[in-house]
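*Asks:* So the chains spell out like this:
There are 2 protein chains.
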Amino acid sequence: MPLNPVEFSKRICRLRSQFSGLEITAILLLDMKNIRYLTGFAGSDGALYITQKEVALLVDGRYLTQANTSTHGIKICEYQDKVEGMASVLSDTGSTIIGFESQIMSVDTHSKLKKKLKGVTLKPLADKIRLLRAIKDSQEVIWLKKAAEISYRALFSIEEMIRPGIEERDIAVELETKLKKFGAEDISFTTIVASGPNSALPHAKPGSRQLEKGDFVMIDYGAVVEGYHSDETCMFVLGQASDKQRKIYDLVKRAHDDALCEMKAGVPCNRIDDIARSCIERSGFGAYFPHATGHGVGLDIHEAPRLSKQSNDILVAGMVVTLEPGIYISDIWGVRIEDTVLIKENGCEVLTEMSKDLRILS
Amino acid sequence: MPLNPVEFSKRICRLRSQFSGLEITAILLLDMKNIRYLTGFAGSDGALYITQKEVALLVDGRYLTQANTSTHGIKICEYQDKVEGMASVLSDTGSTIIGFESQIMSVDTHSKLKKKLKGVTLKPLADKIRLLRAIKDSQEVIWLKKAAEISYRALFSIEEMIRPGIEERDIAVELETKLKKFGAEDISFTTIVASGPNSALPHAKPGSRQLEKGDFVMIDYGAVVEGYHSDETCMFVLGQASDKQRKIYDLVKRAHDDALCEMKAGVPCNRIDDIARSCIERSGFGAYFPHATGHGVGLDIHEAPRLSKQSNDILVAGMVVTLEPGIYISDIWGVRIEDTVLIKENGCEVLTEMSKDLRILS
Chain A
23 MPLNPVEFSK RICRLRSQFS GLEITAILLL DMKNIRYLTG FAGSDGALYI TQKEVALLVD
83 GRYLTQANTS THGIKICEYQ DKVEGMASVL SDTGSTIIGF ESQIMSVDTH SKLKKKLKGV
143 TLKPLADKIR LLRAIKDSQE VIWLKKAAEI SYRALFSIEE MIRPGIEERD IAVELETKLK
203 KFGAEDISFT TIVASGPNSA LPHAKPGSRQ LEKGDFVMID YGAVVEGYHS DETCMFVLGQ
263 ASDKQRKIYD LVKRAHDDAL CEMKAGVPCN RIDDIARSCI ERSGFGAYFP HATGHGVGLD
323 IHEAPRLSKQ SNDILVAGMV VTLEPGIYIS DIWGVRIEDT VLIKENGCEV LTEMSKDLRI
383 LS
Chain B
23 MPLNPVEFSK RICRLRSQFS GLEITAILLL DMKNIRYLTG FAGSDGALYI TQKEVALLVD
83 GRYLTQANTS THGIKICEYQ DKVEGMASVL SDTGSTIIGF ESQIMSVDTH SKLKKKLKGV
143 TLKPLADKIR LLRAIKDSQE VIWLKKAAEI SYRALFSIEE MIRPGIEERD IAVELETKLK
203 KFGAEDISFT TIVASGPNSA LPHAKPGSRQ LEKGDFVMID YGAVVEGYHS DETCMFVLGQ
263 ASDKQRKIYD LVKRAHDDAL CEMKAGVPCN RIDDIARSCI ERSGFGAYFP HATGHGVGLD
323 IHEAPRLSKQ SNDILVAGMV VTLEPGIYIS DIWGVRIEDT VLIKENGCEV LTEMSKDLRI
383 LS
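Taken in order, these protein sequences are the chains called A and B.
If you're matching positions, the first sequence starts at 23 in our numbering and goes up one per residue.
If you're matching positions, the second sequence starts at 23 in our numbering and goes up one per residue.
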C-alpha cells in the first residue's frame with residue numbers, strides 16, 4: 023500500500039519550516055533516499071528542488087514516466103545533463119540562498135553548479151538535516167515490522183538447513199530466495215552467512231566453507247518492504263557449545279540486554295554505546311569490539327542516528343535503530359547479536375522477532 | 023581464483039606514472055571500486071593513499087582483518103574517524119599536491135580535510151582518472167565472460183517459467199536464485215522483469231502483474247563474479263507477436279546490430295550512440311529512446327566509458343561496454359536489446375550469450 027500523498031506534503035512542509043532556521047530560501051536534495059522520503063519517487067538518480075512555493079523533481083529520460091506516476095502535485099523536469107538541468111531549474115526560481123546536502127554533493131558537482139549560478143549562494147547544510155528521516159511515522163513502522171516479520175519467517179523456514187556439511191553460500195542463497203518468496207521486494211544487503219573462523223570477520227561474505235560440528239554460524243540479513251530495511255544478526259552453534267563459546271555469547275548478550283534496558287526517548291546515543299561497550303570492556307574484550315553499537319535504519323540500511331562513542335545524537339520516540347554489540351577473535355570465531363529497536367517515550371520495542379538466546383542446533 | 027598480487031602492483035605503477043602529467047605528488051582515493059581494483063580490498067568503506075614510495079589503505083575496525091588478508095605489500099591503517107584518519111596519514115608523508123576524485127569526494131569531506139591539512143594542496147582530478155579501470159586485462163575478461171555465461175545458463179534454465187499467469191516477481195526470484203546457484207557471488211542489480219505495459223518503463227521493478235498472452239516480457243539482469251558484473255537484456259513475446267511488436271523489435275535490433283558492426287578500437291563512443299540513435303530516429307521513434315546507448319561495465323555496473331551523445335570517450339581495445347538501444351511507448355510496452363561487448367583492435371566480441379533474435383514463447 024503506497025503512502026497517502028498527503029504524508030509527502032506534510033514532510034515537505036516540515037522541511038520548509040526549517041528554512042528560516044537554516045537561513046536558506048530553498049533546498050536542493052541529491053540523496054535519493056531523501057528524495058523518495060519527500061516525494062515517493064524511488065528511481066536511482068535525480069534531484070529535488072524545494073522552495074517555499076514550489077517543488078521540482080528532476081530526472082533523466084529513463085525515469086520520466088515513473089516520476090510522473092509515483093508523485094503528486096510536483097513539477098517534473100527532464101534533464102539530459104544533470105548539472106545543466108539543476109542549474110536551469112535553480113536559476114528560474116530566483117532563490118538566493120540554496121541549501122544542499124554537503125555530505126552527499128561531490129566537489130565536482132558543487133564547483134560546476136557554482137560556476138553556472140550567478141547571484142546564488144550555495145549553503146552547505148553539513149549534518150543539519152541528517153535527522154530528516156530519523157523519526158518514523160506509524161506507516162513507516164508498519165513497513166519496518168513487516169520487513170522484520172518476513173526476515174524471521176525466512177530464517178525460521180531454512181533453519182533446518184544449518185547443519186554440518188552445507189556450504190555457507192548455499193544457506194545464503196536459500197535464505198535470500200525465501201526472503202523474496204515471503205514478500206521482500208529486495209534483500210537489505212548481501213546476506214552474511216559466516217561460519218567458524220569466518221565469523222570473526224564482522225562483514226564476511228558467504229563462501230564455499232562447509233559448516234562443521236562445533237561451529238559458530240553468524241547470519242546477518244534483512245528484507246526490504248516498501249523501501250524499508252530490516253536488519254538482524256542471529257547466531258547458531260552446531261552441536262555442542264564449548265565453555266568459551268558460551269562465555270563470549272553470554273557476554274555479548276549481556277551487553278545487548280543491558281543497552282536494551284536503557285533505550286528510550288531522551289537518552290544520548292553515545293550512552294547506549296557506552297553501556298554495551300563498558301560491559302564488554304569490563305571482561306577484557308574491549309579490543310575485540312571494533313565497531314559502533316548501532317545505527318538508524320529505514321529507507322537506508324545505515325542512516326541517522328548513530329549509536330557510537332562519537333555520536334551527539336539523542337534518542338527520540340519513533341526512531342528505529344539497530345543494537346548490535348559483537349566480539350570478534352581473529353582466526354577463531356566471532357559473535358554479534360543484533361536486533362532492530364523502535365524507541366518509545368518510556369522504553370523501546372524490539373521489532374526483530376528471532377529469539378536472541380543461544381541457539382544450539384543438534 | 024584471486025588476482026596475482028603482481029597485477030595490483032602493476033596497476034599502482036601505472037597510476038603513479040600519471041602523477042607528473044596530473045601535476046600531483048600523491049593521490050587519495052575514496053571510490054571503493056578503484057580501491058578494490060588497485061589493492062584487492064573489497065570492503066564497503068575505506069580510503070587509499072598512494073605516494074611515489076608508499077601505499078596506505080585506511081579502514082575502520084570492521085575491516086582490519088579483511089584488509090590485511092586480502093592485500094599484499096600495503097600499509098594498513100585503522101581509523102576511528104575517517105576524516106581524522108585520512109588527515110593523519112596524509113600529513114605524515116609530507117606530500118604537497120594530493121590529487122583526489124572530485125566526482126566522489128563530498129563537499130563536507132573536502133572542506134574538513136582542507137582545514138586539517140596545512141601546506142597541502144588538494145587537487146581535484148575531475149574526470150582525469152575516470153578511465154582508470156576502463157581497459158580490462160585478460161583475467162578481468164575471463165571473469166566478465168564467466169559472469170555472462172552464468173547469466174545465460176540461469177535465464178535458459180528458467181525460460182519455461184515465462185508463461186501467461188505467472189507473476190513478474192516470481193520469475194525474478196527464481197532467476198536470481200539460479201544465478202547464485204550457478205556461481206554468481208551476487209546479482210549485478212535488482213533484476214528487471216517487466217511485462218506488458220511495465221516494459222515501457224526502462225527501469226521497472228518486478229511486481230505482482232501476471233504475464234498475459236501477447237505480452238512483451240523484458241528481462242534485464244546479470245551476475246557478479248569476483249566483483250565483475252554482467253549486464254544483458256532479453257525480450258520475449260508470449261504467444262504470437264503482433265505486427266507492431268515485430269516492427270519495433272526489428273527496429274531496435276537493427277539499431278543494435280548497426281552499432282555493433284562499428285564497434286572497434288579507435289571509434290568515438292558518441293559515434294556508436296549516433297548510429298543506434300539515428301537508426302531509431304529515421305523511423306520516427308527518436309523521442310522514445312530516452313537513454314544513452316551504453317556504458318562501460320566491470321567492478322561497477324555503470325563505469326567509464328559512456329556511449330552517449332555527449333561522450334568524448336574513444337573505444338580502446340580491452341574496453342567492455344554494454345550496447346542497449348531501446349524504444350519505450352508509455353502505457354503500451356517497450357523493447358530494449360542489450361549485450362555486453364569486448365572491444366578489440368579490429369572489431370568486437372559479444373560476451374553475453376543469449377541470442378537476440380525475437381524469442382516467441384508459445
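Treat the hints with care, as some may be off.
Said to hold, decoys possible - The calculated label-pair distances, taken between Cβ atoms and stated as ranges, are:
{"no.": "1", "chain 1": "A", "residue 1": "SER230", "chain 2": "B", "residue 2": "GLY187", "range": "36 to 46 angstroms"}
{"no.": "2", "chain 1": "A", "residue 1": "ASP67", "chain 2": "B", "residue 2": "ARG185", "range": "27 to 37 angstroms"}
{"no.": "3", "chain 1": "A", "residue 1": "LYS136", "chain 2": "B", "residue 2": "LYS97", "range": "34 to 44 angstroms"}
{"no.": "4", "chain 1": "A", "residue 1": "GLY43", "chain 2": "B", "residue 2": "PRO146", "range": "28 to 38 angstroms"}
{"no.": "5", "chain 1": "A", "residue 1": "ARG38", "chain 2": "B", "residue 2": "CYS283", "range": "51 to 61 angstroms"}
{"no.": "6", "chain 1": "A", "residue 1": "GLN161", "chain 2": "B", "residue 2": "GLY187", "range": "29 to 39 angstroms"}
{"no.": "7", "chain 1": "B", "residue 1": "ALA148", "chain 2": "A", "residue 2": "ASP67", "range": "16 to 26 angstroms"}
Stated by the list, open to error - Cross-link-like lysine to aspartate or glutamate pairs, in silico, DMTMM-like; alpha carbons within 25 angstroms at most:
{"no.": "8", "chain 1": "A", "residue 1": "LYS97", "chain 2": "A", "residue 2": "GLU29"}
{"no.": "9", "chain 1": "B", "residue 1": "LYS227", "chain 2": "A", "residue 2": "ASP130"}
{"no.": "10", "chain 1": "B", "residue 1": "LYS138", "chain 2": "B", "residue 2": "ASP67"}
{"no.": "11", "chain 1": "B", "residue 1": "LYS227", "chain 2": "A", "residue 2": "ASP322"}
{"no.": "12", "chain 1": "A", "residue 1": "LYS134", "chain 2": "B", "residue 2": "GLU234"}
{"no.": "13", "chain 1": "A", "residue 1": "LYS167", "chain 2": "A", "residue 2": "GLU371"}
{"no.": "14", "chain 1": "B", "residue 1": "LYS331", "chain 2": "A", "residue 2": "ASP67"}
{"no.": "15", "chain 1": "A", "residue 1": "LYS145", "chain 2": "A", "residue 2": "GLU196"}
{"no.": "16", "chain 1": "B", "residue 1": "LYS136", "chain 2": "A", "residue 2": "ASP67"}
{"no.": "17", "chain 1": "B", "residue 1": "LYS145", "chain 2": "A", "residue 2": "ASP130"}
{"no.": "18", "chain 1": "A", "residue 1": "LYS331", "chain 2": "B", "residue 2": "ASP67"}
{"no.": "19", "chain 1": "A", "residue 1": "LYS145", "chain 2": "B", "residue 2": "ASP130"}
{"no.": "20", "chain 1": "A", "residue 1": "LYS168", "chain 2": "A", "residue 2": "GLU248"}
Everything labelled a hint here was simulated from the structure, so no lab data went into it.
All C-beta atoms in this analysis are idealised placements derived from N, C-alpha and C, irrespective of residue type, glycine included.
*Asks:* Does each hint fit the structure? Answer for all of them.
*Replies:* Cross-check of the supplied hints:
{"no.": "1", "hint": "A:SER230 / B:GLY187: 36 to 46 angstroms", "result": "holds (37 angstroms)"}
{"no.": "2", "hint": "A:ASP67 / B:ARG185: 27 to 37 angstroms", "result": "holds (34 angstroms)"}
{"no.": "3", "hint": "A:LYS136 / B:LYS97: 34 to 44 angstroms", "result": "holds (36 angstroms)"}
{"no.": "4", "hint": "A:GLY43 / B:PRO146: 28 to 38 angstroms", "result": "holds (32 angstroms)"}
{"no.": "5", "hint": "A:ARG38 / B:CYS283: 51 to 61 angstroms", "result": "holds (54 angstroms)"}
{"no.": "6", "hint": "A:GLN161 / B:GLY187: 29 to 39 angstroms", "result": "holds (32 angstroms)"}
{"no.": "7", "hint": "B:ALA148 / A:ASP67: 16 to 26 angstroms", "result": "holds (20 angstroms)"}
{"no.": "8", "hint": "A:LYS97 / A:GLU29", "result": "holds (17 angstroms)"}
{"no.": "9", "hint": "B:LYS227 / A:ASP130", "result": "violated (31 angstroms)"}
{"no.": "10", "hint": "B:LYS138 / B:ASP67", "result": "holds (21 angstroms)"}
{"no.": "11", "hint": "B:LYS227 / A:ASP322", "result": "holds (18 angstroms)"}
{"no.": "12", "hint": "A:LYS134 / B:GLU234", "result": "violated (48 angstroms)"}
{"no.": "13", "hint": "A:LYS167 / A:GLU371", "result": "holds (11 angstroms)"}
{"no.": "14", "hint": "B:LYS331 / A:ASP67", "result": "holds (19 angstroms)"}
{"no.": "15", "hint": "A:LYS145 / A:GLU196", "result": "violated (48 angstroms)"}
{"no.": "16", "hint": "B:LYS136 / A:ASP67", "result": "violated (29 angstroms)"}
{"no.": "17", "hint": "B:LYS145 / A:ASP130", "result": "holds (11 angstroms)"}
{"no.": "18", "hint": "A:LYS331 / B:ASP67", "result": "holds (19 angstroms)"}
{"no.": "19", "hint": "A:LYS145 / B:ASP130", "result": "holds (11 angstroms)"}
{"no.": "20", "hint": "A:LYS168 / A:GLU248", "result": "holds (10 angstroms)"}
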